[in-house]
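*Asks:* So you can see what is in the structure, the chains are spelled out below.
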Amino acid sequence: MSATATGTGVSPSASTGTPPPRTTAARKRALGLDRDAWFLLLPALLPVLLLSAGPLLYGLSLAFTDAQSGRREVTRFTGLANLSDLRLDSLFWDSFRIGLVWAVSVTALQLLLSLGLALLLDQNLRFRWLARTLALVPWAMPEVVVGVMWRLVYNQDAGILNSTLRDLHLISENVDWLAGISLALPAVIVVGVWAGMPQTTVVLLAGLQNVPLDLHEAAALDGAGLWQRFRSVTWPALKPVVLAITALDFIWNFNSFGLVYVLTGGGPGGATRLPMLFAYEEAFRYGQFGYAAAMGLVMVAVVAVLLTVFLRNRLREDDQ
Amino acid sequence: MRSGAARAGQYLALLCYLVFLAFPLLWLLSTAFKSPQELGSVDASWLPRHPSLDSFTAAFGQQPLARSALNSVIVASCAAAVSVAIAVPAAYAMARYRSVVGKAATGWILVSQMFPFVLVIIPLFLVLKSFHLIDSLTGLVLVYVVWNLPFALWMLQGYVRAVPASLEEAAAIDGCGRLRTLRSVVLPLLTPGLVATVMFSFVTAWNEFFFALVLLKSPEKQTMSVILTHFIGAEGAADLGPLAAAALMATLPSLLFFALLQRRLVSGVMSGAVKG
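From first to last, the protein sequence lines stand for chains A and B.
Following the UniProt record's numbering, the numbering of the first sequence begins with 1 at its first residue and continues without gaps.
Following the UniProt record's numbering, the numbering of the second sequence begins with 1 at its first residue and continues without gaps.
If you're looking for bench data, these hints aren't it; they were derived computationally from the structure.
Being a predicted model, the structure only gives us computed values, none of them experimental.
We treat Cβ as the ideally placed atom computed from N, Cα and C, and that holds for glycine.
Any given hint could turn out to be false.
Ranges between beta-carbon positions, derived for each pair [stated by the list, open to error]:
hint, chain 1, residue 1, chain 2, residue 2, range
1, A, Asp214, B, Gly4, 20 to 30 Å
2, A, Gly116, B, Arg161, 31 to 41 Å
3, B, Leu18, A, Gly223, 32 to 42 Å
4, A, Asp85, B, Gln37, 46 to 56 Å
5, B, Cys16, A, Glu217, 51 to 61 Å
6, B, Ala22, A, Glu217, 28 to 38 Å
Take a look, some chain A residues computed to stay more than 12 Å from chain B by CB distance [said to hold, decoys possible]:
hint, residue
7, Ser90
8, Ala108
9, Leu125
10, Trp139
11, Glu143
12, His169
13, Pro186
14, Val191
15, Ala218
16, Asn255
17, Phe278
18, Glu282
19, Arg312
Covered by chain B, according to a simulated footprint, are these stretches of chain A (three or more residues, beta-carbon under 8 Å) [what the hints assert, rightly or not]:
hint, stretch
20, 56-64
21, 73-86
22, 91-97
23, 112-120
24, 232-240
25, 296-306
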C-alpha cells in the first residue's frame, strides 16, 4: 500500500492564524527572502525541484510525444495523438473501470470499517492499548509482503482460507480465489482494505479528539441515544477529517500498484489490471513512454475532476 | 446508562477485527516454519506439526537473498541519512520563517500524492539513464531521498516548532550566529525527533517497491521487495515455504522499527490530522 510518506498529508496547513505582516521587513521575512533562510532551504529545495517537480512536468509533457524507450530516432511532438488513441483503446478503459471499482470499494469499505474501529478504540475498553498497537501492524509491512502473505492465504490447495471454509462446510471444493474472473477483483479488494485500514483508523482516531466531550455528556444527560449522539455531536466534529481521508484514500487506491501486482499481476485475463499496472506494462514492457504518460495524464485529470465534484458537493451540504 | 450487552458487543466487534487482522499474519508465520513435506500435503493445518527452518535455507539457495538484504540496508540507510541531513536546515528555516516556501512544500506533499507514479518514473528513468544510474543503488537512493524529503520536512518542522524560541534568542544575545545556534542549541533538543524521522525514512525506503522494480534490473542489485517477487514463478506458481520465509525476513526490520517507533508515529500523525 502506499502506506508510505502519507497519513499525515491530511491537513498540512499547520500554520496558525498569524495576522498578515505590515512592514516591508516583516513581509520580506514572511516571503522567506532572508538570505539565511534561502541558504538553509537550498539543499532540500534543489533536489526536490530537480528530481520531483521537474520530472513531473517533463512526464506530463511526454504525454504529447511519441517517446519510446531505447529508440534511436528523435522523440517528436505529436500533440493530442496519444490521447485520441487512448480514447479508442478499450483495454485501457476496461482497466480504468476496474480501477474505479477497486478504488471506490476499497475506499468505502476502509472508511466504514475504520470508522467503526476508531469509535471502538476511542472507548474505554480493556486492552485498548494492545488493540491500538496491533491495529497498526499492516501499516509497517511492505506492500509486497502483504501481497505475498495473502497469496498464501488464498492459495488453492495449501491456503488457510479454503481449509477453514471447508471445515465450516461453507464450500465443498477448494476455490482458486485469485484465478476466477469474477472472484479475483473482490479478493484483491479485501486485501486492499486490510492493508489500508490502519492509516484511515489512526486519522479518524485523531479526528475523534476534536469531538467536544462536554457536548457528549450534555447530550447523554438529555437522554440522547447512541445513534443520536453520533449524529449530532460526533459526526459534525469528525466530518472534515472524514472528507479529507476519503479523498486521499481514493487517490492512493486509484493509483496503487504493488499490492495487486504481487497478488495477480493484473490477471486473470485483465480482471484486476488497475490503470497503474496497465501503464507500467505499456511503459516498461512495451517501451511506449509517451502513451503510458498519456494514461497517467488521464488518470490525474479524472481523479481531479471526481474529487472536485465530491468535495464541492460535500462542502455545499455543509453550508446548508 | 451503559448496558452490559452493548459492552459485550463492543468486545465482540473488536475481536472480529483482530481475527481479520491476525489470520493472514499467523498464516505467513506458520507457513514459513513448516517442513517441505507438510507444505506438500493437501490438508492445510494451522500450526506446523514439525517446525523446521528448511524454508529459510531454501530461500537463500533459490535467490540472492543475502545480497538483496544488504542492498536494502544500504539503500534505506543512505536514503534516510541524506534526506534527513538536508531536511534539517530546511525544516528549521520553514518553522522559524513561516515562509511561502514552507507553505509550498507542505502543499507539494499533497499534490505529489495525487500523481500516479508512472508520470514521475518515466522521466526519472530517462534522466537517470543518461547519467548511467539505471540498475545502480545510487540512482535509487537519489530517488528515495527526494521522495522522502517532503515528509521528512513536514515531520521535522513540527519538532522544530516544539523547541522554545526563547532559547534561541538567549543564544543570539550571547552572540551566537544563526547557524551556530542551530547546531549547538536546536539540534541537541531535536534528537528524538531526528531519530523518529530517520527511522520513518528508513522504513519507507525499505518497503518501497515500484521505483525499485523499474530502476533495478540485475538480481544482484535488487532490493528485498523486488527479489521477493522472483519467488513467484512466471505462471504464478510459487514454492510456498521459501516464499513465506523470504517475506517474513523482508518485513522484520520494518516491524522492529515500528515497534520502537509506534507511539511517536501515532501521536505525530494524530497531531498532524488534528491541527487542520
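*Asks:* Should the label of proline 186 of chain A as a non-interface residue stand, given a Cβ cut-off of 12 Å to chain B?
*Replies:* holds, 15 Å
*Asks:* Examine the stretch 91-97 of chain A: at least three residues should have C-beta closer than 8 Å to a C-beta of chain B.
*Replies:* violated (count 0)
*Asks:* Verify this label for me: glutamate 143 of chain A is non-interface relative to chain B, using a Cβ-Cβ cutoff of 12 Å.
*Replies:* Glutamate 143 of chain A not clear of chain B: closest Cβ-Cβ about 6 Å, inside 12 Å.
*Asks:* According to the definition I'm using, a residue is off the interface if its beta carbon is farther than 12 Å from all beta carbons of the partner; does glutamate 282 of chain A meet that for chain B?
*Replies:* The assertion about glutamate 282 of chain A is violated, with a minimum of 9 Å to chain B.
*Asks:* Is the gap between the beta carbons of leucine 18 of chain B and glycine 223 of chain A within 32 to 42 Å?
*Replies:* Holds: the Cβ-Cβ distance is about 33 Å, inside 32 to 42 Å.
*Asks:* Just want to verify: tryptophan 139 of chain A was marked as not at the interface with chain B; is every Cβ pair farther apart than 12 Å?
*Replies:* At roughly 7 Å from the nearest Cβ of chain B, tryptophan 139 of chain A sits no farther out than 12 Å, so the non-interface label is violated.
*Asks:* Check the non-interface label on alanine 218 of chain A: least C-beta distance to chain B beyond 12 Å or not.
*Replies:* holds, 16 Å
*Asks:* Tell me if the beta carbons of alanine 22 of chain B and glutamate 217 of chain A are separated by a distance inside 28 to 38 Å.
*Replies:* holds, 35 Å
*Asks:* May I ask you to test the hint 31 to 41 Å on the CB atoms belonging to glycine 116 of chain A and arginine 161 of chain B?
*Replies:* Once the Cβ atoms are compared, 34 Å apart, the range 31 to 41 Å for arginine 161 of chain B and glycine 116 of chain A holds.
*Asks:* Are three or more residues of the stretch 112-120 of chain A within 8 Å, CB to CB, of chain B?
*Replies:* holds (count 4)
*Asks:* Beyond 12 Å from every Cβ of chain B: is that where the Cβ of leucine 125 of chain A lies?
*Replies:* It is violated; leucine 125 of chain A is separated from chain B by about 6 Å at its closest Cβ, not greater than 12 Å.
*Asks:* A range of 46 to 56 Å was offered for this pair. Does it hold for the Cβ distance of aspartate 85 of chain A and glutamine 37 of chain B?
*Replies:* holds, 54 Å
Checked against the numbered hints above, the structure breaks hints 5, 9, 10, 11, 14, 16, 17, 18, 21, 22 and 24 and satisfies the rest.
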